[in-house]
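Note that the protein sequences, when read in sequence, are chains A and B. Under our numbering, residues 914 to 1067 are what the first sequence spells out, in order. Under our numbering, residues 6 to 434 are what the second sequence spells out, in order.
What the hints contain is simulated information worked out from the structure, not anything from laboratory work. Do not rely on the hints blindly, as some may be mistaken.
[Said to hold, decoys possible] If you anchor each label on the Cβ, the simulated ranges turn out as follows:
(1) A:D1016 <-> B:R55: 44 to 50 angstroms
(2) B:T155 <-> A:G944: 24 to 30 angstroms
(3) A:D1016 <-> B:R343: 55 to 61 angstroms
(4) B:F207 <-> A:A1031: 45 to 51 angstroms
(5) A:E1061 <-> B:K189: 37 to 43 angstroms
(6) A:E963 <-> B:E287: 36 to 42 angstroms
[To be verified] Incomplete in silico selection of chain B near chain A, CB under 8 angstroms:
(7) I130
(8) V140
(9) A141
(10) L144
(11) N151
(12) E161
Note that the coordinates shown come from a computational prediction; the quantities given were computed from them, not determined experimentally. Think of the CB as a built atom: it goes at the ideal place given N, C-alpha and C, for glycine as much as any other residue.
As a plain string of letters, each chain reads:
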Amino acid sequence: MVRVLVIGCGNPDRGDDAAGILVVRRLRERGVAARQHSSDGLALIDAWSEAEYVIMIDTVITGAPAGTINGCMGADAVLLRSAGTSSHSFDVASAIELARALDRMPGSLKIYGIEGCAFEPGTQPQPVVLAAAERVASLVLAEVQRLEAAEPRG
Amino acid sequence: MTGRTIKVPILTRVEGEGSLQIKFRGERVEDVKLTIFEPPRMFEAFLRGRHAFEAPDITARICGICPIAYQMSAVHAIEKALGVKIDPAVRQLRRLFYCGEWIESHALHIYMLHAPDFLGYADAIEMARDHGEKVAQALRLKKIGNTLMTVLGGREIHPISVCVGGFYKVPTRSDLRELVDDLKWARDASIETVRLVAGFPFPEFEQDYEFVALSHKDEYPLNKGRLISNKGLDIEASEYEDHFFEQHVKHSNALQSQLRKRGSYMVGPMARFNLNYDKLPESARQAAAEVGLKVPVLNPFRSIIVRAVELVFACEEALRIIGEYEPPEAPRAKVRMRAGTGQAITEAPRGILYHRYQIDGEGKILAAKIVPPTSQNQKRIEDDLWQFVPQLSALPQEEITLRCEQAVRNYDPCISCATHFLRLEMTRE
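Take the sequences, apply the hints, and build the full model.
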């Protein structure tokens, strides 16, 4: 069990979807052992069981301008669940709902959503998304440092 | 004459983008169309001009669920074109690799995608609220399959270890021994799964199928054998295109595969089970016998039990291979380039996957052909619905829709290999 686990989701080769992965790369440069997640959302449930605090970063589409940063706790993330189109794969919000049904939610789950709107294969994220990823990396770094320094819970 | 239209905007738990239209005239079914509108992905075209050694990694991208199937059919076909003989230990490792994919894919489909149909839940999340223990079991089973894939392939999605001639790197005995306890648990959980799903309610529905699967004299089929059917087919992979053809139908972007002069056919767990029952390990046969599952299984809704029996097989086979494993002297055979054409068929979780490559003397791919299992089952799914829907006509429209979705899911269609969501549209005139 680790104290804090940071997971960035996304596809580095699909435009704005790379945001979560970019945050992971930036955090690693700053010494945080952040994890990249590009596969099935179901695997997240197991990963979450390894930590007390989990921070996730993913690209979201809420209709806000690209680069907008949304921060929410896991309990609210169900609102972002896709319209049920996932089939052989489960998205992050589905994984949260499933973890809750199975009573396997981590002690604390915080999600940073970076608004994206361009997902063409083989493209780079937009400058506004790159800038947002940089800001989120700084926010997460500060949060990790605060949590690592804090007294263990309970 | 009264008319009504049912539209279900999204059918979940089927892979790919497509829709299903069923047209009634009175109580009579007038038309059934499985439409796949996901744009063509052009893999066969962009393989042309690439080096043959790139084919396993390029084709693995066709699917995130069954990348190993694509890698296996690709390497076998290219090795055939180049006349490469692989080490028997490498072949066993490839079977083991395939077992990992079968375990994760079958566990996912049985519990997370198909079981909710039988138990009356909208999805696995809703099902988990009442059957948390079973869903947790499914997640553990799936994870064990994924771990096996990671140990052999470097990562679970789009593995990177497979190459023409063998593997870039092979595991040590101790790497594999670490998986044994989990696989023993998985085998026992799979036997429980057979018992669980055999208790589901099944609609009365049987068809006179032509089942098509690989067959090997002493192995349950994964990556070697002749292609046979219950209606007389018995061919080598190199003869596949003499007997099967792909047809473009107006309503679908995926080609429909058919047997010449015979039409649709079924590939996948039921076909393998019915044609290869005697090659299953004792534990899998016992699990089938215990729940009264006998050859031939002709009710496609019972494919969920067959899939669970294959889960037992995959765990048992993985344990056997690990128990007997001696690392190969070299991880891969030496490969000499030559011009040629090679074909291969392997058994993806949802059925046979055909690859053909024509290569020039420098190793450049001149032509490629890939026939995924879902293209092969696509016509058969339509044929099932033609026969199944009339017995539903008295039911409420919502119930008809659910039963049709369930019937499609019998085939575990992976429509990204051939669709992303399925829209059901039903019209009555």
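Comparing the hints with the structure gives:
no.	hint	result
1	A:D1016 <-> B:R55: 44 to 50 angstroms	48 angstroms, holds
2	B:T155 <-> A:G944: 24 to 30 angstroms	26 angstroms, holds
3	A:D1016 <-> B:R343: 55 to 61 angstroms	59 angstroms, holds
4	B:F207 <-> A:A1031: 45 to 51 angstroms	47 angstroms, holds
5	A:E1061 <-> B:K189: 37 to 43 angstroms	38 angstroms, holds
6	A:E963 <-> B:E287: 36 to 42 angstroms	38 angstroms, holds
7	I130	5 angstroms, holds
8	V140	6 angstroms, holds
9	A141	6 angstroms, holds
10	L144	6 angstroms, holds
11	N151	7 angstroms, holds
12	E161	6 angstroms, holds
When each numbered hint is compared with the structure, no violation occurs for any of them.
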